[in-house]
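Throw the hints in and build the complete structure from the sequences for me.
In case you want the letters, here they are:
Number of protein chains: 2
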Amino acid sequence: MSDLPDHRIRHAWTADGADAAHLPPKAVRRLTERIGPVRAGAGIASPPEPAVPESLLPSAAGAELAEVLGAEWMLTDRVARLGRCGGLSYPDLLSRRLPGELPVPDAVLLPGDPCQVQRVLEVCARHDLAVVPFGGGTSVVGGVTAARGGKRAVVVLDLQRLNRLVSVDPVSRLAVFQAGVRGPEAERMLAAHGLTLGHVPQSFERATIGGFAATRSAGQASAGYGRFEDMVQGVRLATPRGEWRLGVAPASAAGPDLRQLAVGSEGTLGVLTEVTVRVRPLPVVERFEGFVLDGWERGTAAVRELAQAGALADVTRLSDVDEMEMSLTLKGGWQTALLRRYLRARGVAEPCLLVLGWHGAGRRELARRRTRTVRMLRAAGAVRLGRAAGEAWRAGRFAGPRQRDALLDLGLCVETLETATRWSVLGRLRTQVRAALVDSLRAPGREPVVMCHVSHAYETGASLYFTVLLPRDDADPFGQWAEAKRAACEAIAGSGNPLGTITHHHAVGADHAPYLAGEIGEIGISVLAAAKQAVDPTGILNPGKLITGR
Amino acid sequence: MSDLPDHRIRHAWTADGADAAHLPPKAVRRLTERIGPVRAGAGIASPPEPAVPESLLPSAAGAELAEVLGAEWMLTDRVARLGRCGGLSYPDLLSRRLPGELPVPDAVLLPGDPCQVQRVLEVCARHDLAVVPFGGGTSVVGGVTAARGGKRAVVVLDLQRLNRLVSVDPVSRLAVFQAGVRGPEAERMLAAHGLTLGHVPQSFERATIGGFAATRSAGQASAGYGRFEDMVQGVRLATPRGEWRLGVAPASAAGPDLRQLAVGSEGTLGVLTEVTVRVRPLPVVERFEGFVLDGWERGTAAVRELAQAGALADVTRLSDVDEMEMSLTLKGGWQTALLRRYLRARGVAEPCLLVLGWHGAGRRELARRRTRTVRMLRAAGAVRLGRAAGEAWRAGRFAGPRQRDALLDLGLCVETLETATRWSVLGRLRTQVRAALVDSLRAPGREPVVMCHVSHAYETGASLYFTVLLPRDDADPFGQWAEAKRAACEAIAGSGNPLGTITHHHAVGADHAPYLAGEIGEIGISVLAAAKQAVDPTGILNPGKLITGR
Numbered sequence: 001m002s003d004l005p006d007h008r009i010r011h012a013w014t015a016d017g018a019d020a021a022h023l024p025p026k027a028v029r030r031l032t033e034r035i036g037p038v039r040a041g042a043g044i045a046s047p048p049e050p051a052v053p054e055s056l057l058p059s060a061a062g063a064e065l066a067e068v069l070g071a072e073w074m075l076t077d078r079v080a081r082l083g084r085c086g087g088l089s090y091p092d093l094l095s096r097r098l099p100g101e102l103p104v105p106d107a108v109l110l111p112g113d114p115c116q117v118q119r120v121l122e123v124c125a126r127h128d129l130a131v132v133p134f135g136g137g138t139s140v141v142g143g144v145t146a147a148r149g150g151k152r153a154v155v156v157l158d159l160q161r162l163n164r165l166v167s168v169d170p171v172s173r174l175a176v177f178q179a180g181v182r183g184p185e186a187e188r189m190l191a192a193h194g195l196t197l198g199h200v201p202q203s204f205e206r207a208t209i210g211g212f213a214a215t216r217s218a219g220q221a222s223a224g225y226g227r228f229e230d231m232v233q234g235v236r237l238a239t240p241r242g243e244w245r246l247g248v249a250p251a252s253a254a255g256p257d258l259r260q261l262a263v264g265s266e267g268t269l270g271v272l273t274e275v276t277v278r279v280r281p282l283p284v285v286e287r288f289e290g291f292v293l294d295g296w297e298r299g300t301a302a303v304r305e306l307a308q309a310g311a312l313a314d315v316t317r318l319s320d321v322d323e324m325e326m327s328l329t330l331k332g333g334w335q336t337a338l339l340r341r342y343l344r345a346r347g348v349a350e351p352c353l354l355v356l357g358w359h360g361a362g363r364r365e366l367a368r369r370r371t372r373t374v375r376m377l378r379a380a381g382a383v384r385l386g387r388a389a390g391e392a393w394r395a396g397r398f399a400g401p402r403q404r405d406a407l408l409d410l411g412l413c414v415e416t417l418e419t420a421t422r423w424s425v426l427g428r429l430r431t432q433v434r435a436a437l438v439d440s441l442r443a444p445g446r447e448p449v450v451m452c453h454v455s456h457a458y459e460t461g462a463s464l465y466f467t468v469l470l471p472r473d474d475a476d477p478f479g480q481w482a483e484a485k486r487a488a489c490e491a492i493a494g495s496g497n498p499l500g501t502i503t504h505h506h507a508v509g510a511d512h513a514p515y516l517a518g519e520i521g522e523i524g525i526s527v528l529a530a531a532k533q534a535v536d537p538t539g540i541l542n543p544g545k546l547i548t549g550r
Numbered sequence: 001m002s003d004l005p006d007h008r009i010r011h012a013w014t015a016d017g018a019d020a021a022h023l024p025p026k027a028v029r030r031l032t033e034r035i036g037p038v039r040a041g042a043g044i045a046s047p048p049e050p051a052v053p054e055s056l057l058p059s060a061a062g063a064e065l066a067e068v069l070g071a072e073w074m075l076t077d078r079v080a081r082l083g084r085c086g087g088l089s090y091p092d093l094l095s096r097r098l099p100g101e102l103p104v105p106d107a108v109l110l111p112g113d114p115c116q117v118q119r120v121l122e123v124c125a126r127h128d129l130a131v132v133p134f135g136g137g138t139s140v141v142g143g144v145t146a147a148r149g150g151k152r153a154v155v156v157l158d159l160q161r162l163n164r165l166v167s168v169d170p171v172s173r174l175a176v177f178q179a180g181v182r183g184p185e186a187e188r189m190l191a192a193h194g195l196t197l198g199h200v201p202q203s204f205e206r207a208t209i210g211g212f213a214a215t216r217s218a219g220q221a222s223a224g225y226g227r228f229e230d231m232v233q234g235v236r237l238a239t240p241r242g243e244w245r246l247g248v249a250p251a252s253a254a255g256p257d258l259r260q261l262a263v264g265s266e267g268t269l270g271v272l273t274e275v276t277v278r279v280r281p282l283p284v285v286e287r288f289e290g291f292v293l294d295g296w297e298r299g300t301a302a303v304r305e306l307a308q309a310g311a312l313a314d315v316t317r318l319s320d321v322d323e324m325e326m327s328l329t330l331k332g333g334w335q336t337a338l339l340r341r342y343l344r345a346r347g348v349a350e351p352c353l354l355v356l357g358w359h360g361a362g363r364r365e366l367a368r369r370r371t372r373t374v375r376m377l378r379a380a381g382a383v384r385l386g387r388a389a390g391e392a393w394r395a396g397r398f399a400g401p402r403q404r405d406a407l408l409d410l411g412l413c414v415e416t417l418e419t420a421t422r423w424s425v426l427g428r429l430r431t432q433v434r435a436a437l438v439d440s441l442r443a444p445g446r447e448p449v450v451m452c453h454v455s456h457a458y459e460t461g462a463s464l465y466f467t468v469l470l471p472r473d474d475a476d477p478f479g480q481w482a483e484a485k486r487a488a489c490e491a492i493a494g495s496g497n498p499l500g501t502i503t504h505h506h507a508v509g510a511d512h513a514p515y516l517a518g519e520i521g522e523i524g525i526s527v528l529a530a531a532k533q534a535v536d537p538t539g540i541l542n543p544g545k546l547i548t549g550r
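Protein chains in written order, with our numbering: chain A, 1 to 550; chain B, 1 to 550.
Check each hint, because a few of them may be wrong.
[As the list claims (entries may be wrong)] Covered stretches of chain B, as calculated for chain A (at least 3 residues, CB under 8 Å): (1) 203-215; (2) 249-258; (3) 504-517.
No lab work stands behind these hints, which were simulated from the structure alone.
Note that the coordinates shown come from a computational prediction; the quantities given were computed from them, not determined experimentally.
Beta carbons are placed, not taken as given, at the ideal position from N, Cα and C, and that holds for glycine.
Laid out in structure tokens, this is it:
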């Protein structure tokens, strides 16, 4: 068992805080000026010892599960159970830093292959145990909270032992992965074949192939490689009704595409055990670079033009002026002052950073694509910052969660939310969500910063990703964020005519479930409930997520 | 009513045969040498007057429907009913040329807008009437057969009056169409805005936006514009449970993508009344050209390399040697002999025609793309035939159904079927399907020609499209094809482990329904049935299609 990744309870992205990103003192001073008191050590450095109730797993069920798995792969100890009680949203992290009850599962199961997953589900169905599939545990929407959902007990199905690359078809550029393979491992195994998946969400370091598929993940290089659902060609699921395989061809007219029902089902319609994905040759050259556009309108217009001309870089990411300013604030350093002067000299009033990342099969091919894009950007008034600005972003591309840990330690409330919509309402949607967040969070001595970026652009629209930062309200830390989140969701999806989707890539989980009917209609909810009933008649799969109250 | 398209019964693609493509006498002679006796006038030139039973529409239902629609939009006359009794498959056409019963609907309803469609469905649900949505009526899989499905009566819901372009959002490149708009009309209306949809299946001239979406249609320019489901951003459906709207963003992680359940539902989960599609600027330049590759293996390898390098032309279509030979045979003329000599001189033993069609935003942009592709093709050993070869294909791109009429008139059995799979098994699948067709159809004095082409290529695989031609077995014309079709389907999908999808773009209808479980599993069927139960509890929507026996 010593080869299992650490699953001690995570008060933060990092299990022990050892590699949390720390802020330079100057950054702390500037933050205080901007948002209000920032208090080093306010992060409850020594979290309370959480209460772990007795396991409610019935002994008969436990015996059967141990027989299927081998006793050593069924864990009921305190550390194992605490370590899989939920995901990594701000409320999740808060709840582990503050006294109170945690949703601790009754057992942790570690099946070794898809057949064991299937047999485990059958045992759980027979004993009416809730089952929470668990990959990297990086959900920020309550998607892996160990909710009992009225069942006798809840078990977490940790898929980390499903860690194999099952097969590679280099001619068809397809690879079959077991669901528990993490992002870096998947890339390492494919690299041995000269291939890559190209899926790099911020959760890349911990999240799994199964999790990517279950949540419709979108990676930072989505412009070049597509969203994860675009990569999925086939799935194998374990369900209480039996094994279910889908996907025999790249495209089909054989009725509704049920792969698109399995993808995004968040563990409620089955447990993904294998995923067949489209892969590509490893890039030979990579290049990251930065540009600045003056103002949000001009920035999004430029990204729209690139998207509609098929001229996006593989990574294309536009920050608004608040995000760019905050990023400079948190970095500090003399370069920042120089950059500000440089941009002022060029008449840039509201600098919006545009990061482009290129993956190329060769220098010439990359140059060919890049020349066209840069020409369009210059025509749109972009100021080139060069490669250092892009490389700086790339170096920190997975650091967000770690930086959040450092900010939590400083007594701050820091959280993100995201949406997507068509281009023609993108500006309005950003304005409304910003206003909802600022209005709900502003308080005497607390001035929220609301930052926004576009990180996924399509021909017809784009995503919006918001980051909020302000001093925590210690009188009501949960309520402070819950109210802001509610206001933002209402701005996105309220009043019966949604301006955007309730989530572009974070998924539904428990947190967005109340807003799903606004997006897919009551008929859509009833269709999902019917599909669930067909595969999971007793409702043991991930209760309380996606489809609630049914 | 004089403005309604002709809906007399179609014994052929063309209602009256006036513009059926006729074969030159030399072609008839050559055909006879190749496949056996070709008999001019054997096509039952004067079809029998089909029997039309009394309408079973209950008078109470008729009165309510007339009230919703206005009496003039509910047709029960013989011509209107006969004209909507099914689609345009070979068996459909045979059945109208031979004596026997036809599946004639009890009434034809012509709603004027989405709200009327909704109200009509509610009346039909109350009176337990089967409802068959009808667009262009071009189904080749029995998808619009007016089957009663155990109901009291069956009505055809002809959507031709839903003929509006509802709105255009040029910034987001989105257009909302009513479902009954036909291909050419859609393009005409978009062209007024400088836009195009770019969806041109062979059924383009008659088929509708709603039909494209309901059947996951793929157009000849799918490499450039995508399949129809890639274009669909939103749908509005009428269902017995109420109106259902989906699609607020270009992409979303808000659970399973239910748009992909609506798309491909073939009228069984609701009646599409509006479709929001992604549109693009009208191309400024177009260019069609032909190449020849020596042999199927080399040809498909070249197309695969283009697909995987992102270097496909917007139209990319590779014929095997049999299809190329037959196309030359049917054309005749001195050019054919010259071409054969030209290719022999270049050492081409098995000429496979590759047609490329380019749509460009400008000459330079087109030249940039084309240069790269042609360079790759030359490296793959392609022989250039020039623009005339491409333009000839383009000129006849929608003529297939008309040519089929002429061949039917010559007493031939002519039909198509299609599939798709991953690249690594594409060759094997073609061999197996060919063998199944030839073995089942060969008979003394009758030698089938089985032609094949790839018309839709993806990174991970491609489609295969088969055309069969041989003298009709007048002793058992239906059985002759039914047996061949069964053998081909078994080769594709048999033995529990499908080699390819049962249909890449013709849809399921009634004909492929028996094979659907092999592709999506019994669990998949039960999920579809559950979804149908949720939106159509009494099962009035298009009975006998897609999901049968439930």
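Going through the hints against the structure:
| no. | hint | result |
| --- | --- | --- |
| 1 | 203-215 | violated (count 1) |
| 2 | 249-258 | holds (count 10) |
| 3 | 504-517 | holds (count 7) |
Hint violations for this structure: number 1 only, all remaining hints satisfied.
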